[in-house]
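Trainee: Given next are the chains, with one letter for each unit.
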Amino acid sequence: MALKSELLLNKVQVAMFMKDAVERSVDWLYLRNLLHRFIESKQTFPFAELCYLHANVFNSENDEEELYKLMAAVELLVLAFDMFDDLEDLDNFTEPWMDIDRGEAINSSSFLYTLSLSHIHSLLSPYRSEILGLFLEYALQAMKGQHIDLANAVKTEKECLQMMRWKSGSLTALAAEAGVMFACGKRYEEVKEYGHQVGIAGQIENDYKGLFTPHKQDRKFLKPSLALLYLQRKFNQTSVDILQYVHSGKDFDEYFGSIVAFKEKLLEAGVTQYLNVMKHIALKKAETYIKKLPLPAEKLDELLTNLIKK
Amino acid sequence: MQEIVNFLIENPDVLEKVVNGQASLIGVELEELLGIIDGFVDTLSANYSYWLS
Chain Z
1 MALKSELLLN KVQVAMFMKD AVERSVDWLY LRNLLHRFIE SKQTFPFAEL CYLHANVFNS
61 ENDEEELYKL MAAVELLVLA FDMFDDLEDL DNFTEPWMDI DRGEAINSSS FLYTLSLSHI
121 HSLLSPYRSE ILGLFLEYAL QAMKGQHIDL ANAVKTEKEC LQMMRWKSGS LTALAAEAGV
181 MFACGKRYEE VKEYGHQVGI AGQIENDYKG LFTPHKQDRK FLKPSLALLY LQRKFNQTSV
241 DILQYVHSGK DFDEYFGSIV AFKEKLLEAG VTQYLNVMKH IALKKAETYI KKLPLPAEKL
301 DELLTNLIKK
Chain X
311 MQEIVNFLIE NPDVLEKVVN GQASLIGVEL EELLGIIDGF VDTLSANYSY WLS
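Respectively, the protein sequence lines represent chains Z and X. If you count the first sequence from 1, position 33 lands on 33 in the numbering used here, and the numbers rise without skipping. If you count the second sequence from 1, position 6 lands on 316 in the numbering used here, and the numbers rise without skipping.
Heads up, some of the hints might be wrong.
To be verified - If you only want the chain X side, here are some residues facing chain Z, beta carbon under 7 Å, derived:
1. V315
2. N316
3. V338
4. E342
5. L344
6. G345
7. I346
8. D348
9. G349
10. F350
11. D352
12. T353
Source of the hints: derived by calculation from the structure; they are not laboratory data. All C-beta atoms in this analysis are idealised placements derived from N, C-alpha and C, irrespective of residue type, glycine included.
Chain X on its own, in the form it takes in the complex (with noise of 0.2 Å):
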């Protein structure tokens, strides 16, 4: 998941994709796509406040 998560950070345009249901990740399971799309939004929009503050 490493490897996912640094090629999402570093393709902001993927993840976009990802987030919005136009894109996949190949070889990953269900659960794990929505975790990581819960974890960006969660990060980056509702909860941003909570890690960062």
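Extracted from the complex, chain Z is given alone in its bound form (with noise of 0.2 Å):
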């Protein structure tokens, strides 16, 4: 997820903080070493980015140094979840936390988690322990929707919407609803919906591209999912050739011949409509959600153009 307008953001900045509130809490230097370089292999911070593009729509006199501080402890969470769900899953093995002694890629991810907290806790700003709040509720939503993932208990669109909706719904809302927050003190139910929809419909269009990634997908795809759920109905006999290839535990370039071929078995069988439809759906019921906030026309508009007609 990145958004579309050309924001004002300094990605090397939101870095920056982010590494200086590691400095602020580690003097050993080889720990503080190895959290620089966790920070320095993300090469985009789209979570600062929502957090910068509301705080900004809500308010456009933001103490900016504050912001970036604030920008920072988000994309610190984030981090922190994106290692655990490596470490939980064991995939990924191309990030630095995955080649590292697994005790300390845990330690460094506790330490990254909390390492956020504290930080909101050093704001000067007059709505610290609310945004406090925000992050402790939506960290722990994100946690419950990450259990139901591992403990695989989806099994229907219903409820893997909702897991998708805690899992990762809650990170995108966190960095809109810390935004809104720290720039005008109030909370908004439509922020909070929208923001949840877009990191379902973000979610959606990851699970995708990661069914194709190599080492990754024959973990993933026998996790439940969308996709998954849609083969398993067995529509049509190309479904049932793909659940075949999903058992087989060989790569899909192996069992397919290449990448087109298997996209091409994807879209046959509807896998690729259906994830198509649901990403839009939920870009549907954000856009509606976003309308109804009590906002200025160009404000919306901004708001709009970031997040839904990308």
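Starting from the two chains in their separate frames, assemble the complex, guided by the hints.
Mentor: Set out below in structure tokens:
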């Protein structure tokens, strides 16, 4: 998920503020350098962008330095969750935390998670308690969604969407709501709702791309997902063929001959259309909530341009 | 939504009417209908190359 318009967000500065938070908490160079390496591995900061967009839509006169501290806290939390996710799923072996001692990696993610919360506590914002409350509320919700995913407890489309809402939607909702709270000290039900829907849409797109990631595909495809639930309905023979591949343990290029052949199979089965429809439904729901916000037309347009019309 | 998507794949004439606004889908909310249209249009036209390449 990347925002469309050219926001004045300085990505180098986001990473710098994240590193600064680490430096203030860790005086042991070994750990400090390890955490810096993890931060440096991040190429994009979509959750910081989401936070920045909302802070500026709801208040054009924010304290920039404080706002960057908030964005750093948001990205530290997301980084911690990304690390936990990879360590729990045992995938994404290209990430730097996956090629170090497992215990050190787990402790590093716990450290970054706690650092994120402690960083909020150090904000000068009069709304820091409320922002910390948002972090705790959404972190718990994301962990609940993650556990449902880990336990393979999803059996239906409705349950899958609920799991995605908690697991992924919580973090986008947090980024948006934290920006709004920082800017004006308020919560809006609309922001909460479209924040979740934007996260669901992003997760659906990531899940589709994840089907073609080497080393990751086998394990991911076996986990309950919208794609697998659709295939399990066995609407057509192609779905049955793909299910056989899923359980074959082979790579998609080995089984189907090429990535293009595999993608054609997914299209033939209807998986591609189904995922695209589910993504667009989430975006339509988000659009409806955005338009309900009590904001001037140009502000609504700014949100729509960045979040929906991509 | 799984049944609806599959129904539209199996009945391209109905899908065409839905996309062109000549038919609606009973029991489907407006956001879902718009999402269905955008989802199919996105897959089969403009962004077809994205999903296939």
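Trainee: Taking the closest Cβ pair, is L344(X) under 7 Å from chain Z?
Mentor: 5 Å, holds
Trainee: Holds or violated: is there a CB of chain Z closer than 7 Å to the CB of I346(X)?
Mentor: It holds, given that the least Cβ distance between I346(X) and chain Z is near 5 Å, below 7 Å.
Trainee: Would the hint on D352(X) be counted as holding, given a Cβ-Cβ threshold of 7 Å to chain Z?
Mentor: For D352(X), the interface hint holds, since the closest Cβ of chain Z sits about 5 Å away, which is under 7 Å.
Trainee: Given D348(X) was flagged as interface, is its beta-carbon under 7 Å from a beta-carbon of chain Z?
Mentor: 4 Å, holds
Trainee: Holds or violated: V338(X) as interface residue toward chain Z, Cβ cutoff 7 Å?
Mentor: 10 Å, violated
Trainee: Quick one, is the G349(X) hint okay against chain Z at 7 Å, beta carbons?
Mentor: 3 Å, holds
Trainee: Hey, does the F350(X) contact hint survive, CB to chain Z under 7 Å?
Mentor: OK, holds: F350(X) within 7 Å of chain Z, min 6 Å.
Trainee: Any CB of chain Z closer than 7 Å to the CB of T353(X)?
Mentor: Because about 5 Å separates T353(X) from the closest Cβ in chain Z, which is inside the 7 Å limit, the hint holds.
Trainee: Regarding the hint that N316(X) lies at the interface with chain Z, is the smallest CB-CB distance below 7 Å?
Mentor: 4 Å, holds
Trainee: For the hint on G345(X), does the least C-beta distance to chain Z fall short of 7 Å?
Mentor: 3 Å, holds
Trainee: Can you verify the interface hint for E342(X): is its Cβ closer than 7 Å to any Cβ in chain Z?
Mentor: 5 Å, holds
Trainee: Is the shortest C-beta separation between V315(X) and chain Z less than 7 Å?
Mentor: 5 Å, holds
When held up to the earlier numbered hints, the structure conflicts with hint 3 and nothing else.
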